Structure formats: C-alpha cells, structure tokens
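Q: Chain by chain, the residues run as shown.
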Amino acid sequence: MTTATHPSTAEVWDWLSHVPDPEIPVISLTDLGIVRDVAWDGDTLVVTVTPTYSGCPATAIINLDIEKALREKGVSNLKLKRQISPPWTTDWISEGGREKLRAYGIAPPIDGTAADGRLIGRVNRMTGGNLTVACPRCGSAHTTKVSQFGSTPCKASYRCDDCLEPFDYFKCI
Amino acid sequence: MPSLPDMNTPDVAELAREAAAHSHATEIPTPDAGQDAFFEVLLRLGDATLILGHRVSEWCGHSPALEEDIALANVALDLIGQTQMWLGLAGEVEGKGRSADDLAYLRDAWDFRNLLLVERPNGDFGHTLMRQFLFDAWHFELLKALQGSSDPRVAEIAAKAAKEVAYHLERSSDLVIRLGDGTGESRRRMQDALDALWAYTGEMFLADEKDVAVAAAGIAPNPRDLEAAWDATVRDVLTEATLAIPESGFAHKGGKRGVHTEHLGYILAEMQFLQRAYPGASW
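Quick note, the sequences are listed as chains A and B, same order.
0 is the number of the first residue of the first sequence in my numbering; add one for each residue after it.
-2 is the number of the first residue of the second sequence in my numbering; add one for each residue after it.
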C-alpha cells in the first residue's frame, strides 16, 4: 500500500464509529470516547485507545474488535497503542452516545460531573445531595441508588421510586 | 516410589543453597541503586493491590447480597487492573524483561512486598469492609501524592487509579458507618474487626531507606507524610460509625521487606496454581 492509497484518517474514524462496545453494544467505541487518535506512521495505521477502567476486562476484546474491523476494510499494517493519560472520564462520552444509552435503558452520566478525586458522595450524603439521576424509562427524578456498582464496573444500580423500574446508571468517574 | 530425602542427603544441602541464593535478591548485581529502590517501591504498590485484589475476589459468589457480591468483584477488578500497570512499570524499571504476569505468578512469598494488612484473611463481611476502608483511606492519600510524581509514568498511573479508588473509599466508608452505627450485632462485628486489624495499619507509614531514596527523588511520597491525612479520614469515619478507635500504637511489620504471615503462602498457592502446575501456560 503506498501513501497515496491510504484511507484517510477521517474514513478510519468513520469505520471505528461502527464498532460497537462489547459490553454496551448500543454505543460505539467512538461514542464511548475511548479512541484517542488515528494516524498513519508510514504504511502503518496507528490507533490509540484508552481504557475506561484500569481493570476493564473488555479492553482485550475491544482491541480485537478494532483489529478485526480494520482488517476487514483492508488495513494490513496496524498498530494499537494504549494511552492512559489523560485518564478517560465519562465526560468523554459523546452527546449522541448519551442519548443512545438513555434509549437503551441506561441512565447516562450527568455531564461535567466526572470525579476529580474528591470524596464525592460524602458531601452529598451529609447535605442530602443535589445530584439526581433521572429514570431512563419514565424520566422521574425520584430514584434511589441500590448499589454503587452494577453489571459492569462502569455502572451503578438504581431503582425508580415512581415506575419501580430497576436500571443501570453509567456512573461518573 | 521415591522416598522423601532426609536432611543429610547432599541434594537437600544443594537445594538449601539454591533457595538461599534465591531469597537474597540483593546478590543479583543491579546497575543503579536508585533504580533498585524505585523497583522495590513499585513492587510494594503493585503487590498491595494484587494481594488485596485477590483477597477481595475470594468473595465472588459468597457475599451476603447480590449487589455486594458484584461490588466486591468490581473493586477487586479495579485493584487487579491497577496491579497490571504498577507491576508492568516495575518490570520496565527493573530492566530484566519481566512482565507484570511474570512478577505476579513467578515469584514466591519472600519476594512479595505487600503490606501485611492486605493478606489478612477475609473474616466476615464486616471484617472485609473494615480492612478495605483502612486500606482505601491510605490508598487514596497515596495516589493523590503520586499524581505529583517526578516520574510521568507514575503520575499517569496514579491519575488513572485515583478516580477508581475515590469510589472505593466512598463505598467502604459508607458501609463502615452503616454497619458500625447499625444494629448491636453489626456494631459488635465492626468493632471486633477494627480491634483485630488496627495493629496492621502502622506498617503503611513506616519508611525504610528505599522509601527515603525514592521520596528524595520526588518519585513517591515518604510514607510518613501520609499518616496525618489518613488519620483524619479514619477518625472522622469511625467516629460517625460510633466505633471506639484502639489506643495501642503497636504495629505488625515485615511485609514491605518480604517477611510475611503464613496467609500469603496460601494465597499464592491458589493464585499461582496454574503456572506452578503448567509452567509457561498461556492462552
């Protein structure tokens, strides 16, 4: 493959926007905001990916899915780079991604509330808290946290006190 | 069938010599004493998260409620993920081509540098949560300081892990308060756990010459400097939990130097089973 026939990086970004997240397949890897960079290094396509959680078991699958998708598009020289800084936060999830999560029944993270290392909830608990997670089914703000962790490390378990729907909240980190 | 060798056979003497050589890692020439201390401090970080991660994962399928089972497994997963980064960097700093997996699976107890606290048996759910809280409060302060490390690799890993650990501390302090300030039974169990674990907290703040060397290079904080903030958080939470803070300042120590309790051997026997039974196995 010569430089002239490289697919453009915009094209590669578009392909990646169709690769679903293995754990929450309604959103793509680019919706999730974990693809940091796409660049050509000579004849090698370098895709830089950041993990959501340091122990996220989906990381290996995600790399495999990226490799598979790009090989299917004819990319033969591919390098996947891991980058941990700046760390991923839920603020990296795209607006479109948030809507897809909500439609799927997962309350999206509240924008701009990613943890900055403060003891987030201790203050909230003492003051009664002012952060409400709306039910993705009926929209009610009367919801209760059932557990700080849910079906995957990135989610917490909630329940709607109005329609009684149990749901996952994509927690802010 | 081969019989067990008695203590006088030459083979045993040979084995003992080999074991002695192996247990003295300092005999292996190191290019630079500073790197040696850095490697050691990275092992202390990575071994603490590895052993606690493994301990907490023992709850998987055994917790008192499904939500707690999932939460504990997720905390364990975070810790194992952080271990991959710390031990990965340790292998890089050591410069002998050892990977994070090599360090986790191919060392024996005397080469582990974790705090004794993290190898304590799980006990009941309250005991596990108390151990987690005492650790989280320290881990949180440690990672906060490590984000300002003079080594950018350390600062990056710390920034990644700090967000996860803020959640761990949030959860464990919440549960310590709820169980401490709960029923008579839950309060008794939390007080028992605190009394049993308190003597294992002092080791977190002990500094040896390696800690001092690494702190002088600005790579990691001096462990002593973390104590005041840890103490403030712990007293705040335990007071709210209506628990009596033990007065004894006695501290068990040795883990950071590779002198462990018998519990670590059992953890490693299980954790390293596959590599011991099938050396080099991968998939």
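Hints in this document: simulated from the structure, not taken from any laboratory.
Mixed in with the good hints there might be a few duds.
[Said to hold, decoys possible] Below, computed lysine-lysine pairings styled on BS3-like, alpha-carbon distance capped at 27 Å:
| # | chain 1 | residue 1 | chain 2 | residue 2 |
| --- | --- | --- | --- | --- |
| 1 | A | K67 | A | K78 |
| 2 | B | K250 | A | K80 |
| 3 | A | K78 | B | K250 |
| 4 | B | K250 | B | K141 |
Only a predicted model underlies this, so the values are computations on that prediction, with no experimental measurement involved.
Q: Each hint: holds or not?
A: Do the hints match the structure? See the list:
1. Note on K67 of chain A and K78 of chain A: the hinted pairing holds, with a Cα-Cα distance of about 12 Å set against a maximum of 27 Å.
2. For the hint pairing K250 of chain B with K80 of chain A, the CA-to-CA distance comes to about 40 Å; that exceeds 27 Å, so the pair is violated.
3. In summary, the hint linking K78 of chain A to K250 of chain B is not supported, as the alpha carbons are separated by about 45 Å, beyond the 27 Å threshold.
4. Of the pairs offered as hints, the one joining K250 of chain B and K141 of chain B holds, with about 24 Å between alpha carbons and a cut-off of 27 Å not exceeded.
The structure shown violates the earlier hints numbered 2, 3.
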